[in-house]
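J.: Chain residues, written in single-letter form:
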Amino acid sequence: MTMLLAIDATTAGKGQQQAAKLLRNFQDISFLEILSVVAATWLLILLIERIAPFLAERGPSRARLFILGVVPVLRLLLLAVSICWILPLIFNFTTQNFLVIFGAASVALGFAFKDLVSSVVAGVVAVWERPYRPGDWVKVNDAYGEVCSVGSRSFRLRTADDTIVTVPHLKLWDTNIYNSNDGNLTLMCVADFYLEPAHDAARVRLALRDVALTSAFLQLARPVFVIVHEKPWGTHYRLKGYPFDARDQFQFLSDLTVRGKEVIAALGAVEVTAPVAVGENPG
Amino acid sequence: MDKPEPLSAFKPLSEYKVPNAPARETVRRKFVRFWRAFRPTEAEESRPDDLKTAGDEILDEVAARPDVGPLVDILQSNLTEWLGTTQPKRWVTTIVLPPCEEFGIVEKWAEQNGFEVAPEPTAEEILRADLRCLPEMKGDRPLVIPRLERWVLRHHHGLQLVRELLMRLDSIERHCVVGCNSWAWLWLSEVADASARLPAPLTPAAFDGERLGRWFHELADRSEKNDVVFRRSDNGQRILSKTDAATASANDYLKSLAAVSRGIPWVAWQLWRQSMRTGPDDASEAKLAEKNSRSCIWMKPLADVGLPKFSGNSHSVALFVLQALLLHGRLSLDLLRKVLPSLDAFAALHRLEEEGFVVREEGEYRVRSAGYPAARESLLHAGFPLDAL
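One line per chain: the protein sequences are H and E, in this order. Mapping to my numbering: the first sequence position 107 is 107, numbers consecutive. Mapping to my numbering: the second sequence position 82 is 82, numbers consecutive.
Calculated from the structure, these hints are not laboratory results. Note that the structure is a prediction, hence the values are computed from the model and not measured. Among the hints, erroneous ones may be present.
To be verified - DEER-style ranges, computed between Cβ atoms: (1) H/PHE54 x E/ASN113: 37 to 43 Å; (2) H/VAL228 x E/ASP193: 32 to 38 Å; (3) E/GLU120 x H/ILE164: 40 to 46 Å.
To be verified - When the alpha-carbon atoms are kept at most 27 Å apart in a straight line, the in silico DSS-like pairs for lysine-lysine are as follows: (4) E/LYS108 x E/LYS89; (5) H/LYS261 x E/LYS338; (6) E/LYS30 x E/LYS89; (7) E/LYS338 x E/LYS300; (8) E/LYS30 x E/LYS309; (9) H/LYS240 x E/LYS108.
Quick reminder that beta carbons are idealized off the backbone N, C-alpha and C, glycines included.
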């Protein structure tokens, strides 16, 4: 009995010692080093976030998306390196300690910062899976714009109206994210025309194709399509083409629309003006 | 004695090889380009030196406007056998020429041989798709269409006529030579199936450093001066000399010139003239103008010549103007407005003219040969579709 008590006392003493060793002695922690690592990481991230867009705007157009896409990857790497650097400065890392810290941190973060942590985790997944990256044109809920930056917790879109929309990475879990170019320089643009059914569809189709083929914004290496749908209210034409630079998409669409209307009028076709055409979701 | 190899030859377009610059020059150019990209866009300071730009009299003496006769002769020798065949495999031969060609090589060849040259349609005829202006597909003499780019406008009504022409050429039964510039050729291949309807084109082989040396030597050789020596102004190295044909072999300067001009002889010739400088004192210039004298021309490095440099951004209207002009060869302001997407072309044209990219001749604008390398580089940088060379 005495022996058992002695063993218990020894085990408890070891547990206390190990718990005490979980954290380094206060005087052993190099706060200067920790501060230096944090400052250096922050500075490097700031530099990368400033320099990459600068380089991307001045470099060749074909390198732009690559340069912008490097930012979130480098930031994640820098954060990972700095965390791996700092943690051993504060904690005594053994397998047991690691499990204790990890368990305690999980519980604390899980309760207190659930959404924040979820966004950060989704941010890491976003860097890996790349559902969006800087330079991509994406639609999330009602917002459509170019991804101008990808942060740890959220990413920012610049819409065509020059409005910045901040979207948390959390959306990745439960919202469809539509990416129009997925890392490519160009994306498909669609100009819609709604005509009364009584017209020569073959001529209108050829004429609309020529409208796209003669656009100054057209990427010649990509195809041009004219899709025709007959609807109860008339004929729906969808003129599809690719501009050579995704940033020209609105000018390209305007060019197609203005000149498309001109050839339609020249061919004697009449556009439908009934409000039924508005909000129709074409296939 | 061996007959010297001709300066150029017409080869399949797919075999066109842009000359490479010497490695050191490539690195230097890339570095300069990188450095310029990140400097504020302020006016560049020019480093003063003692050399003076060579006057027209001197330029015309040692690098006069070249005669395109040799190129016409080469075209002739390439096509003689085909023209002599009564039942050729293909009735049409396509010649794709590099841009900024203002010498009229195909026209001169047709004129020399007395062939029928199809008159170019007016802009109204193109936009109306007036089929009456198409040439007759039957006839005894060979038919020549020197510039296919003059049969089309980048306008939604501007494609029909050239499509009809290409369709008729598909079934022509007389010899026919179709010329086209390399920018229009690529575009027409995409929008009007030109490459499918016409046979694989021939194009003049690129002028590399060695060919340029021989050609410039021939030009200097016409001078009445006893000797003219061309030296680099930065290190004094001899580039070529009138009396010593051996120095005309390729050196780094000529290799760089060939690379910058992408092997296009008329572009290289313009850059060659613009690089010429005379010595610091008036006596030096007077001596140069003197006949029967020995004199030295200093060649500035191409980076210091003050060639046109594009100062706009990658979305500048000016780039759309340059692309439209390269595609059509030359355009009036009215037509330029028709082929551009509702952008204000006038201000951009004015700036391009001031910067030396564009020149106005007889009411029409065209890209200057000396401005072509920078124009192409800027269009490439901004992601525009380019030409076939």
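J.: Next step is simple, just say for each hint if it's right about the structure.
T.: How the hints compare with the structure:
no.: 1; hint: H/PHE54 x E/ASN113: 37 to 43 Å; result: violated (58 Å)
no.: 2; hint: H/VAL228 x E/ASP193: 32 to 38 Å; result: violated (22 Å)
no.: 3; hint: E/GLU120 x H/ILE164: 40 to 46 Å; result: violated (52 Å)
no.: 4; hint: E/LYS108 x E/LYS89; result: holds (25 Å)
no.: 5; hint: H/LYS261 x E/LYS338; result: holds (16 Å)
no.: 6; hint: E/LYS30 x E/LYS89; result: violated (47 Å)
no.: 7; hint: E/LYS338 x E/LYS300; result: violated (41 Å)
no.: 8; hint: E/LYS30 x E/LYS309; result: holds (15 Å)
no.: 9; hint: H/LYS240 x E/LYS108; result: violated (43 Å)
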